[in-house]
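Produce the entire structure from the sequences given, and follow the hints as far as they go.
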Amino acid sequence: MNDSISAAQIAYLKSCQSHKIKIQLYRIGILLFFLSVWEVSARMGWIDDFIFSSPSKLLSCFFYMTKENHLFYHIGITLLETIASFFLVMACALLLTILLWYSKTATETLDPYLVVLNSLPKSALAPLLIVWLGANYRTIILTGISVAIFGTILNLYIGFQEVDEEKIRLIQTLGGGKTHALFKVILPANRAVLIGLMKSNIGLCLVGVIIGEFIASKCGLGYLIIYGSQVFKLDWVILSILILCIIATGLYGCIRLLEKFCLQ
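For reference, each letter of the sequence shown is one residue, going 1 to 264 in the working numbering.
Just so you know, the hints here were simulated from the structure itself, not pulled from any lab data.
One or more of the hints may lead you astray.
What the hints assert, rightly or not - Here are the simulated DSSO-like cross-link-like pairs (lysine-lysine), alpha carbons at most 30 Å apart as the crow flies:
1. LYS57 / LYS67
2. LYS218 / LYS233
3. LYS199 / LYS20
4. LYS233 / LYS67
5. LYS67 / LYS218
6. LYS57 / LYS218
7. LYS104 / LYS167
Here's what the structure looks like:
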(Lines of atoms letter the chains of each structure in order from A; the text may use other names.)
(Lines give C-alpha, C1' and ligand atoms only; values in the text may rest on other atoms or scores of the structure.)
Protein backbone atom coordinates (compact mmCIF):
# COMPACT_ATOMS: atom_id res chain seq x y z
CA MET A 1 0.00 0.00 0.00
CA ASN A 2 2.79 2.38 0.94
CA ASP A 3 4.64 1.55 -2.29
CA SER A 4 1.56 2.31 -4.39
CA ILE A 5 1.02 5.62 -2.59
CA SER A 6 4.67 6.56 -3.07
CA ALA A 7 4.46 5.71 -6.76
CA ALA A 8 1.32 7.82 -7.09
CA GLN A 9 2.99 10.72 -5.31
CA ILE A 10 6.04 10.49 -7.55
CA ALA A 11 3.83 10.43 -10.64
CA TYR A 12 1.91 13.46 -9.37
CA LEU A 13 5.10 15.43 -8.68
CA LYS A 14 6.44 14.55 -12.12
CA SER A 15 3.20 15.71 -13.74
CA CYS A 16 3.36 19.02 -11.82
CA GLN A 17 6.97 19.53 -12.87
CA SER A 18 6.10 18.69 -16.46
CA HIS A 19 3.22 21.15 -16.39
CA LYS A 20 5.49 23.94 -15.10
CA ILE A 21 8.05 23.27 -17.83
CA LYS A 22 5.30 23.24 -20.45
CA ILE A 23 3.96 26.60 -19.25
CA GLN A 24 7.46 28.11 -19.35
CA LEU A 25 7.96 26.83 -22.89
CA TYR A 26 4.60 28.31 -23.93
CA ARG A 27 5.58 31.67 -22.47
CA ILE A 28 8.95 31.69 -24.20
CA GLY A 29 7.31 30.56 -27.45
CA ILE A 30 4.78 33.41 -27.36
CA LEU A 31 7.57 35.94 -26.73
CA LEU A 32 9.74 34.58 -29.54
CA PHE A 33 6.75 34.51 -31.90
CA PHE A 34 5.90 38.13 -31.09
CA LEU A 35 9.51 39.27 -31.60
CA SER A 36 9.75 37.36 -34.88
CA VAL A 37 6.54 38.84 -36.25
CA TRP A 38 7.64 42.31 -35.14
CA GLU A 39 11.05 41.97 -36.84
CA VAL A 40 9.65 40.50 -40.07
CA SER A 41 6.90 43.15 -40.24
CA ALA A 42 9.50 45.93 -39.91
CA ARG A 43 11.84 44.41 -42.51
CA MET A 44 9.03 43.74 -44.99
CA GLY A 45 7.66 47.26 -44.63
CA TRP A 46 4.33 46.16 -43.17
CA ILE A 47 4.93 48.59 -40.30
CA ASP A 48 6.99 51.78 -40.21
CA ASP A 49 10.19 50.90 -38.35
CA PHE A 50 10.77 54.58 -37.57
CA ILE A 51 7.59 54.65 -35.50
CA PHE A 52 7.39 51.07 -34.26
CA SER A 53 11.13 50.24 -34.34
CA SER A 54 12.14 46.55 -34.43
CA PRO A 55 13.96 44.09 -32.16
CA SER A 56 17.20 44.41 -34.14
CA LYS A 57 17.08 48.23 -34.01
CA LEU A 58 16.37 48.14 -30.29
CA LEU A 59 19.33 45.80 -29.77
CA SER A 60 21.58 48.18 -31.68
CA CYS A 61 20.18 51.10 -29.69
CA PHE A 62 20.87 49.24 -26.44
CA PHE A 63 24.51 48.63 -27.33
CA TYR A 64 24.94 52.22 -28.51
CA MET A 65 23.46 53.69 -25.33
CA THR A 66 25.51 51.27 -23.23
CA LYS A 67 28.68 52.26 -25.05
CA GLU A 68 27.89 55.92 -24.37
CA ASN A 69 27.81 55.05 -20.65
CA HIS A 70 24.46 56.63 -19.85
CA LEU A 71 21.83 53.92 -20.19
CA PHE A 72 22.72 52.06 -16.98
CA TYR A 73 22.99 55.38 -15.18
CA HIS A 74 19.35 56.17 -16.04
CA ILE A 75 18.29 52.63 -15.14
CA GLY A 76 20.07 52.90 -11.80
CA ILE A 77 18.41 56.24 -10.97
CA THR A 78 14.91 54.91 -11.68
CA LEU A 79 15.60 51.67 -9.80
CA LEU A 80 17.00 53.50 -6.77
CA GLU A 81 14.04 55.91 -6.63
CA THR A 82 11.56 53.04 -6.97
CA ILE A 83 13.14 50.93 -4.23
CA ALA A 84 13.40 53.93 -1.89
CA SER A 85 9.73 54.79 -2.52
CA PHE A 86 8.68 51.19 -1.95
CA PHE A 87 10.44 50.76 1.38
CA LEU A 88 9.23 54.14 2.64
CA VAL A 89 5.65 53.30 1.62
CA MET A 90 5.68 49.98 3.45
CA ALA A 91 7.39 51.36 6.57
CA CYS A 92 5.25 54.51 6.85
CA ALA A 93 2.01 52.68 6.02
CA LEU A 94 2.68 49.97 8.60
CA LEU A 95 3.55 52.55 11.27
CA LEU A 96 0.50 54.71 10.55
CA THR A 97 -1.82 51.69 10.42
CA ILE A 98 -0.55 50.54 13.81
CA LEU A 99 -1.21 54.02 15.22
CA LEU A 100 -4.75 53.97 13.78
CA TRP A 101 -5.34 50.51 15.24
CA TYR A 102 -4.26 51.73 18.66
CA SER A 103 -6.65 54.71 18.57
CA LYS A 104 -10.25 54.27 17.45
CA THR A 105 -10.78 58.03 17.72
CA ALA A 106 -7.93 58.71 15.29
CA THR A 107 -9.34 56.12 12.88
CA GLU A 108 -12.82 57.60 12.87
CA THR A 109 -11.38 61.10 12.47
CA LEU A 110 -8.91 60.40 9.67
CA ASP A 111 -10.86 57.78 7.69
CA PRO A 112 -12.64 60.22 5.31
CA TYR A 113 -9.40 62.09 4.68
CA LEU A 114 -7.59 58.88 3.78
CA VAL A 115 -10.40 57.91 1.40
CA VAL A 116 -10.29 61.31 -0.32
CA LEU A 117 -6.49 61.32 -0.61
CA ASN A 118 -6.52 57.78 -1.99
CA SER A 119 -9.11 58.82 -4.60
CA LEU A 120 -7.12 61.80 -5.87
CA PRO A 121 -5.40 61.33 -9.25
CA LYS A 122 -1.73 61.19 -8.29
CA SER A 123 -0.64 62.56 -11.66
CA ALA A 124 -2.33 65.80 -10.59
CA LEU A 125 -0.40 65.87 -7.31
CA ALA A 126 3.00 65.44 -8.94
CA PRO A 127 3.26 68.94 -10.48
CA LEU A 128 2.26 70.52 -7.16
CA LEU A 129 4.86 68.51 -5.25
CA ILE A 130 7.53 69.57 -7.71
CA VAL A 131 6.52 73.25 -7.48
CA TRP A 132 6.44 73.11 -3.68
CA LEU A 133 9.59 71.04 -3.09
CA GLY A 134 11.64 71.55 -6.25
CA ALA A 135 12.76 69.20 -9.00
CA ASN A 136 15.03 66.75 -7.18
CA TYR A 137 15.31 63.10 -6.21
CA ARG A 138 13.42 63.57 -2.96
CA THR A 139 10.40 65.01 -4.76
CA ILE A 140 10.31 62.15 -7.25
CA ILE A 141 10.56 59.62 -4.42
CA LEU A 142 7.72 61.45 -2.64
CA THR A 143 5.67 61.25 -5.85
CA GLY A 144 6.22 57.49 -5.88
CA ILE A 145 5.15 57.31 -2.23
CA SER A 146 1.99 59.35 -2.85
CA VAL A 147 0.73 56.86 -5.43
CA ALA A 148 0.67 53.90 -3.03
CA ILE A 149 0.65 54.95 0.60
CA PHE A 150 -3.00 55.88 1.18
CA GLY A 151 -4.42 52.74 -0.39
CA THR A 152 -1.89 50.67 1.55
CA ILE A 153 -3.00 52.18 4.86
CA LEU A 154 -6.68 51.56 4.11
CA ASN A 155 -6.17 47.95 2.98
CA LEU A 156 -3.79 47.11 5.80
CA TYR A 157 -6.18 48.55 8.39
CA ILE A 158 -8.98 46.40 6.97
CA GLY A 159 -6.67 43.40 7.42
CA PHE A 160 -6.08 44.40 11.04
CA GLN A 161 -9.82 44.66 11.65
CA GLU A 162 -10.55 41.23 10.17
CA VAL A 163 -8.36 39.36 12.66
CA ASP A 164 -10.34 36.97 14.86
CA GLU A 165 -11.50 38.90 17.95
CA GLU A 166 -11.44 35.73 20.05
CA LYS A 167 -7.67 35.53 19.73
CA ILE A 168 -7.30 39.11 20.93
CA ARG A 169 -9.63 38.42 23.88
CA LEU A 170 -7.50 35.38 24.76
CA ILE A 171 -4.39 37.59 24.91
CA GLN A 172 -6.27 40.04 27.14
CA THR A 173 -7.54 37.22 29.36
CA LEU A 174 -3.98 36.07 29.90
CA GLY A 175 -3.03 39.56 31.04
CA GLY A 176 -1.63 40.90 27.78
CA GLY A 177 -2.24 44.39 26.45
CA LYS A 178 -2.65 45.84 22.97
CA THR A 179 1.07 45.65 22.27
CA HIS A 180 1.07 41.91 22.99
CA ALA A 181 -1.98 41.46 20.76
CA LEU A 182 -0.26 43.42 18.00
CA PHE A 183 2.91 41.33 17.93
CA LYS A 184 1.38 37.96 18.83
CA VAL A 185 -1.83 38.07 16.80
CA ILE A 186 -2.35 41.06 14.48
CA LEU A 187 0.97 41.19 12.63
CA PRO A 188 1.40 37.39 12.22
CA ALA A 189 -2.18 37.11 10.93
CA ASN A 190 -1.50 39.81 8.33
CA ARG A 191 1.66 38.43 6.79
CA ALA A 192 -0.21 37.43 3.64
CA VAL A 193 -1.87 40.86 3.46
CA LEU A 194 1.52 42.58 3.75
CA ILE A 195 3.01 40.41 1.01
CA GLY A 196 0.00 41.11 -1.23
CA LEU A 197 0.38 44.85 -0.68
CA MET A 198 4.09 44.61 -1.42
CA LYS A 199 3.28 42.94 -4.74
CA SER A 200 0.95 45.74 -5.79
CA ASN A 201 3.03 48.57 -4.31
CA ILE A 202 6.24 47.72 -6.13
CA GLY A 203 4.47 48.41 -9.42
CA LEU A 204 2.64 51.47 -8.10
CA CYS A 205 5.87 53.01 -6.81
CA LEU A 206 7.48 52.47 -10.21
CA VAL A 207 4.53 54.22 -11.85
CA GLY A 208 4.77 57.13 -9.41
CA VAL A 209 8.50 57.53 -10.00
CA ILE A 210 8.01 57.55 -13.77
CA ILE A 211 5.30 60.20 -13.41
CA GLY A 212 7.73 62.35 -11.42
CA GLU A 213 10.50 61.80 -13.98
CA PHE A 214 8.13 62.74 -16.79
CA ILE A 215 7.54 66.14 -15.26
CA ALA A 216 10.77 67.39 -13.77
CA SER A 217 13.71 65.00 -13.98
CA LYS A 218 16.83 65.18 -16.12
CA CYS A 219 17.71 61.54 -15.58
CA GLY A 220 15.97 58.21 -15.30
CA LEU A 221 13.95 56.12 -17.73
CA GLY A 222 10.99 58.48 -17.48
CA TYR A 223 13.23 61.30 -18.67
CA LEU A 224 14.49 59.15 -21.57
CA ILE A 225 10.90 58.45 -22.64
CA ILE A 226 9.93 62.12 -22.63
CA TYR A 227 13.17 63.31 -24.23
CA GLY A 228 13.07 60.57 -26.87
CA SER A 229 9.49 61.45 -27.85
CA GLN A 230 10.36 65.16 -28.08
CA VAL A 231 13.33 64.64 -30.43
CA PHE A 232 11.69 61.70 -32.28
CA LYS A 233 14.18 59.13 -31.05
CA LEU A 234 11.47 56.53 -30.74
CA ASP A 235 13.99 53.72 -30.34
CA TRP A 236 14.90 55.32 -27.00
CA VAL A 237 11.24 55.48 -26.01
CA ILE A 238 10.43 51.86 -26.84
CA LEU A 239 13.69 50.56 -25.35
CA SER A 240 13.02 52.46 -22.11
CA ILE A 241 9.49 51.02 -21.92
CA LEU A 242 10.82 47.49 -22.44
CA ILE A 243 13.44 48.02 -19.74
CA LEU A 244 10.68 49.23 -17.39
CA CYS A 245 8.80 46.00 -18.08
CA ILE A 246 11.93 43.99 -17.23
CA ILE A 247 12.49 46.01 -14.03
CA ALA A 248 8.87 45.53 -12.96
CA THR A 249 9.10 41.79 -13.62
CA GLY A 250 12.36 41.50 -11.70
CA LEU A 251 11.11 43.44 -8.68
CA TYR A 252 7.89 41.42 -8.62
CA GLY A 253 9.98 38.25 -8.77
CA CYS A 254 11.93 39.39 -5.71
CA ILE A 255 8.66 39.84 -3.81
CA ARG A 256 7.58 36.35 -4.88
CA LEU A 257 10.81 34.92 -3.45
CA LEU A 258 10.17 36.81 -0.21
CA GLU A 259 6.63 35.39 -0.17
CA LYS A 260 7.92 31.83 -0.45
CA PHE A 261 10.36 32.47 2.39
CA CYS A 262 7.84 34.16 4.71
CA LEU A 263 4.75 32.03 4.08
CA GLN A 264 6.29 28.58 3.80
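Self-check item: Structure versus earlier hints, numbers of those that do not hold, lowest first
Solution: none
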